[in-house]
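K.L.:
Okay, here's what each chain looks like letter by letter:
Number of protein chains: 4
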Amino acid sequence: MAVDTKVRVAIVGSTGYGGVELIRLLQGHPNVVITSVISSSNAGVAASEGFPHLTGIMVQNLDGVDVQEMALKADVVFMATPAGVSTALVPQLLEVGLKVIDLSGDFRLKDGATYEEWYKRPAADAALLQQAVYGLSEVYGAEVVGQDLISNPGCYPTATLLGLIPAISAGWIDPSSIIIDAKSGVSGAGRGTSLMVHYAEINENLKAYKLNKHQHIPEIEQVLSQVAGEKVTVTFSTHLTPMTRGIMSTMYANIVGDYTEDDFIALYRQYYEGRSFVRVRDQGIYPATKEVSGSNYCDIGFAADARTGRVTIVSVIDNVVKGASGQAIQNLNLMMGWEENLGLRYTPVYP
Amino acid sequence: MAVDTKVRVAIVGSTGYGGVELIRLLQGHPNVVITSVISSSNAGVAASEGFPHLTGIMVQNLDGVDVQEMALKADVVFMATPAGVSTALVPQLLEVGLKVIDLSGDFRLKDGATYEEWYKRPAADAALLQQAVYGLSEVYGAEVVGQDLISNPGCYPTATLLGLIPAISAGWIDPSSIIIDAKSGVSGAGRGTSLMVHYAEINENLKAYKLNKHQHIPEIEQVLSQVAGEKVTVTFSTHLTPMTRGIMSTMYANIVGDYTEDDFIALYRQYYEGRSFVRVRDQGIYPATKEVSGSNYCDIGFAADARTGRVTIVSVIDNVVKGASGQAIQNLNLMMGWEENLGLRYTPVYP
Amino acid sequence: MAVDTKVRVAIVGSTGYGGVELIRLLQGHPNVVITSVISSSNAGVAASEGFPHLTGIMVQNLDGVDVQEMALKADVVFMATPAGVSTALVPQLLEVGLKVIDLSGDFRLKDGATYEEWYKRPAADAALLQQAVYGLSEVYGAEVVGQDLISNPGCYPTATLLGLIPAISAGWIDPSSIIIDAKSGVSGAGRGTSLMVHYAEINENLKAYKLNKHQHIPEIEQVLSQVAGEKVTVTFSTHLTPMTRGIMSTMYANIVGDYTEDDFIALYRQYYEGRSFVRVRDQGIYPATKEVSGSNYCDIGFAADARTGRVTIVSVIDNVVKGASGQAIQNLNLMMGWEENLGLRYTPVYP
Amino acid sequence: MAVDTKVRVAIVGSTGYGGVELIRLLQGHPNVVITSVISSSNAGVAASEGFPHLTGIMVQNLDGVDVQEMALKADVVFMATPAGVSTALVPQLLEVGLKVIDLSGDFRLKDGATYEEWYKRPAADAALLQQAVYGLSEVYGAEVVGQDLISNPGCYPTATLLGLIPAISAGWIDPSSIIIDAKSGVSGAGRGTSLMVHYAEINENLKAYKLNKHQHIPEIEQVLSQVAGEKVTVTFSTHLTPMTRGIMSTMYANIVGDYTEDDFIALYRQYYEGRSFVRVRDQGIYPATKEVSGSNYCDIGFAADARTGRVTIVSVIDNVVKGASGQAIQNLNLMMGWEENLGLRYTPVYP
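Each protein sequence line maps, in turn, to chains A, B, C and D. Heads up: the first sequence at position 150 corresponds to 150 in our numbering, and the numbers run straight through without jumps. Each number in our numbering comes from the position in the second sequence (counting from 1) with 1000 added on. Each number in our numbering comes from the position in the third sequence (counting from 1) with 2000 added on. Each number in our numbering comes from the position in the fourth sequence (counting from 1) with 3000 added on.
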């Protein structure tokens, strides 16, 4: 594909970790050219000033937010911005004919009232909430094709839903029994400064936070309820761990029937057959976050316990890749009708 | 207390983290003098050779394992050795009149067959298994007084049991619903070398391991069953986190009744009243492992969720202190009839 | 010493790491009682609110800055505040008869103009700058006795000066050849939030910063010049390392003569004879920061290279203890005529 | 380039970090196909068994060491093995017509006696030592073209030499004054287990080791002597830092003349013009290891101090990439006459 026929993308929110990871990953995408990197706060500045690792790689200066200019420069816009920005900006982008892949939470919840309850800010336009396709690629990929507005899943929901959907879909676990113990690296909190992310407060420390109060709960419940065909309510705990990247979701549920670990492994391998980014571990092997670091994989393992009748499901992703920018590119690929792993075949960085 | 009236202690297993932590903590104990530091593998060598931080602090050379010599030099022996050593050595120590505080798992399980199933090695003498008092200080402290053989609890069981016992004891949670998601720092694996504890494999990594298979499971179930008055079976997951010290046990259970977080807080504060090492957090505040690092505290917090009818209990300890050597000294204090926090009033090291 | 005869201390700047470490260390000091913990920004709040690890340990609320109240409550004041605060406050404290141990840089440089050049703010009163005794305990301890105003050395200068002074004093190294490559943990940057201390920016990262521009340079040169009897100018580099505590100063100098490692070891052991907090390693052994963590030790090792005629001196401290709060207490001990290690005999926390 | 015309490579030593990084990087190389991954200890086992992150990526089993089979399967062999293996194996590989890129130290030193002194093992055949081209790509790239045996530089030498050669070459610094303070992440020590790389011993720790005794010293001196045209002897210190990847070499030298930072920057930019992997920072900006992590870059910054007449040069690389496997592939590219950055245009992984 010649440069002049490549899809032109703009990235909004380029001073955060999601934006800068889009730059890293898209540099190697054969069908894409980044034509504008946009920052409301740092327009005119070189991208490498805030991110010296981009020296010599991303040489253009940051653009400001200008919808008309974006319409001229780009075909697709990635929104990697804090909650609320997309609510305001995305309608304008769609209006000038741009396609949008939104990495924020603004278009994930179908019900505006639920959004307002959990995000404590005004919801986006109701019609757009309905229009937005929830881009959990391995589950809703078919719906993404050809769409204009994709809402990219949250990091915790991605690890969690990929770990639960096949079992719920098959009726093998009791949806009312689901307990999710999630752990995240610090990059998930973004690049903003606060005492919570101060190195000396995080290092050699493990913190539980937002127990049953994380804004990803309604997102998880929305999808699980749809899959289960009934309202699902989960117990959901989040923990901050002393590492930069990685999410592990350890999930517990009562098995309906007497399925073994091997049964679960077979079920999941069948469910994800042909999807290159989900890897189901062999019996007795559990994935670790480092085994997917820097890559778009989601790795899943199982422990089924006959003593208690429960299954434990362990699902890991790199929160910045499969939990954000990588899956966003996967959705671009699906949207455009390309192979879903185009430009995304990164081997995990190990060690 | 003059030096010649101090209790003389010997430490066996001084080349591991448990042994060396006993040295650190006992240095400041007003009623104790360390008279022998024993290593089967490094007898005759200076303690500071393997542990340079002890330079100028512990100047005596390591002794070999010699029961008669121990009988002459010491009143109390701390066993900080791998599984199996105590099984063989403790009977001899008791016979020569020594008191023993055993930090290994060899005397924790009352049923030898269960020990053999989970530890894959021969169990200790059945009579001694019955004689040994399980030294979970805040719960069984009264039984420790005046005893000769104390079995010091495991690290995971300490954090877990202190977090569950008051609620089970009060009948506020359903024992059959208990799920324990535990996370540990790497020092819990000991000082032995292996790929599992290689820095480059642990750093920036979060691993699940031994799901439903950890040898601390029967220890937890033994105590919970006794407290509940019925056989309790738990789901128990362990995770290795990239930090040196600290255990967090995140526990889930169905509430029996409609108790709130405030109710749980009040219940636990009452249960642990007068016990200086358990600190129950205020409503909405969850403990972090660093907040107890280097100290003998166990900090506990609660989230009760009316949506699911479940309570989440978060309990943290320093695995090397309250999870091993600190609690062993606490048991020494109780055994001797001293204040339980004598020589143990260490403020957590923060940051 | 009964409580009512203990020395009463107040700590100003209790929301920083230096202040909170003073609390940790002073809790165990037999001759001291903390009567006031002072914060200009958080008066009236419980100390444990900002530092939950102090729950149940420091139960009093924070006081505001009120000189008259301090005069009533305390005998000695520790100033653990950012640059500039002591310049303004210390004169008032001295006037009401309080003794002051200042952990900031405000009274370290004898020449106000030099202070203003490096600190970019007005210097303290010139007479007070002369009056203040520079409390590098092992070197100037005799001058500290009975004084009212002690200026506690900086963290980098402490590690560096203890590593260089004996050799310069003996004329064994060429003062004009000194190169100092210093590395620090992140706690040295304080608890303030910034991108520089964001976990995701520090973890798995090693940064050089302020090369030849660190404000500790004039402090080091002032002392070395005095010791050498000539003006000494050093090359001084600072690096931020991904750890919380610890400073290592690796120092290079040309040997004047043909002294060997054993000679240096003997020289330093003689120089520091009787000083419990400096430990000189044996030939071929170099100290590591973890070997002094949580303690007031400064450990030193040597490599003398006949090929180049240079000596490499490695000096490590815990920046929060010997580099700040520990040495401040050591100075209190000296000031009061007590043993210098009173209440400071903490074994390093290992691992 | 069709698969059947791609260059076929074999990797020996695939159970170490260098080997597995070759796999990661070569997966994306357009002109190369990996036809054999060889392990003397694990032949017949799946590569993903020891490295689960390769699940679904490297599906072939490990081969044993069989020179005839290698000759059939491959065109080029990468040797990523401990010292000594290449000495024995490389002559056989060359004999059957294979090209070899050796990542070990076995062919770096031209003088066998020097090798034996520093490596404590027999040197390789003297003729081969002369034949081997030292593949410091930016300096000796022209000599690599078309060769059969490339000796890939060590990690410390790569960072150090790229930071010193332009200045020495220009005569701007005094070669007799060079002091090198190097710091490395733990992956540089390899995947072998030992107490030295135990997580609990490394985390929150900074260690100096092998002062003036590291086997990379003769390698550095050999090249610097050649460049300077006189025998150069350096002071060289190595430090182990608590991170997985990254090397920083902080170098000190006396400036010959009165060159400023801007002069050095201009000199180095001219020297490395057209070489895509060396990035010279702007005035006052120093590189950090994370800014090159996962990539083949070497970033360099300068501080010139008029007070002391010294320049401080900071050079950083990812030790596993530019310090090993990445530069090896760069050498393959040069050897084959391809663009040097082919298949190596990885943006650093940040954060």
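I should point out that these hints are in silico values taken from the structure, not numbers from a laboratory. Treat the hints loosely; a few may be bogus.
Said to hold, decoys possible - As a list, the in silico SDA-like pairs of lysine to any residue whose alpha-carbon atoms are at most 20 Å apart: (1) A:210 - B:1125; (2) C:2213 - D:3210; (3) A:231 - B:1308; (4) A:213 - B:1254; (5) A:213 - A:142; (6) D:3210 - C:2049; (7) C:2120 - D:3210; (8) A:210 - C:2049.
Said to hold, decoys possible - Distance ranges between label pairs, derived from CB positions: (9) B:1210 - D:3169: 38 to 48 Å; (10) A:112 - D:3041: 23 to 33 Å; (11) B:1210 - D:3041: 18 to 28 Å; (12) A:6 - D:3142: 43 to 53 Å; (13) A:6 - C:2122: 39 to 49 Å.
All of these numbers come straight from a predicted model, not from anything done at the bench. Beta carbons are placed, not taken as given, at the ideal position from N, Cα and C, and that holds for glycine.
K.L.:
CA of residue 210 (chain A) to CA of residue 2049 (chain C), is that 20 Å or under?
P.N.:
It holds: about 18 Å lies between the C-alpha atoms, which stays within 20 Å.
K.L.:
If you draw a straight line from the CA of residue 3210 (chain D) to the CA of residue 2049 (chain C), is it 20 Å or shorter?
P.N.:
Status violated; Cα separation ~46 Å.
K.L.:
Residue 1210 (chain B) and residue 3169 (chain D), beta-carbon distance inside 38 to 48 Å?
P.N.:
violated (57 Å)
K.L.:
Would the pair residue 2213 (chain C) and residue 3210 (chain D) pass a check requiring their Cα atoms to be no farther apart than 20 Å?
P.N.:
Not satisfied, since the Cα-Cα distance of roughly 29 Å exceeds 20 Å.
K.L.:
Compare the distance between the alpha carbons of residue 2120 (chain C) and residue 3210 (chain D) with 20 Å, and conclude whether the hinted pair is satisfied.
P.N.:
violated (40 Å)
K.L.:
Verify the CB-CB distance for residue 1210 (chain B) and residue 3041 (chain D) against the hinted window 18 to 28 Å.
P.N.:
Between residue 1210 (chain B) and residue 3041 (chain D), where Cβ atoms are some 26 Å apart, the hint holds.
K.L.:
Between residue 6 (chain A) and residue 2122 (chain C), does the beta-carbon spacing fit 39 to 49 Å?
P.N.:
59 Å Cβ-Cβ, so the 39 to 49 Å window is violated.
K.L.:
When you check the alpha-carbon spacing of residue 213 (chain A) and residue 1254 (chain B), does it fall within 20 Å?
P.N.:
Holds: residue 213 (chain A) and residue 1254 (chain B) sit about 18 Å apart, inside 20 Å.
K.L.:
Is 23 to 33 Å respected by the C-beta to C-beta distance linking residue 112 (chain A) and residue 3041 (chain D)?
P.N.:
Given a distance of about 60 Å, which is not inside 23 to 33 Å, the answer is violated.
K.L.:
When you check the alpha-carbon spacing of residue 213 (chain A) and residue 142 (chain A), does it fall within 20 Å?
P.N.:
violated (32 Å)
K.L.:
Just to be careful, I want the Cα atoms of residue 210 (chain A) and residue 1125 (chain B) compared with a cutoff of 20 Å; is the pair within it?
P.N.:
Distance ~48 Å between residue 210 (chain A) and residue 1125 (chain B) Cα, so the pair is violated.
K.L.:
Range hint 43 to 53 Å: satisfied by the CB atoms of residue 6 (chain A) and residue 3142 (chain D)?
P.N.:
violated (35 Å)
The structure fails hints 1, 2, 5, 6, 7, 9, 10, 12, 13 (numbered hints given earlier, in ascending order).
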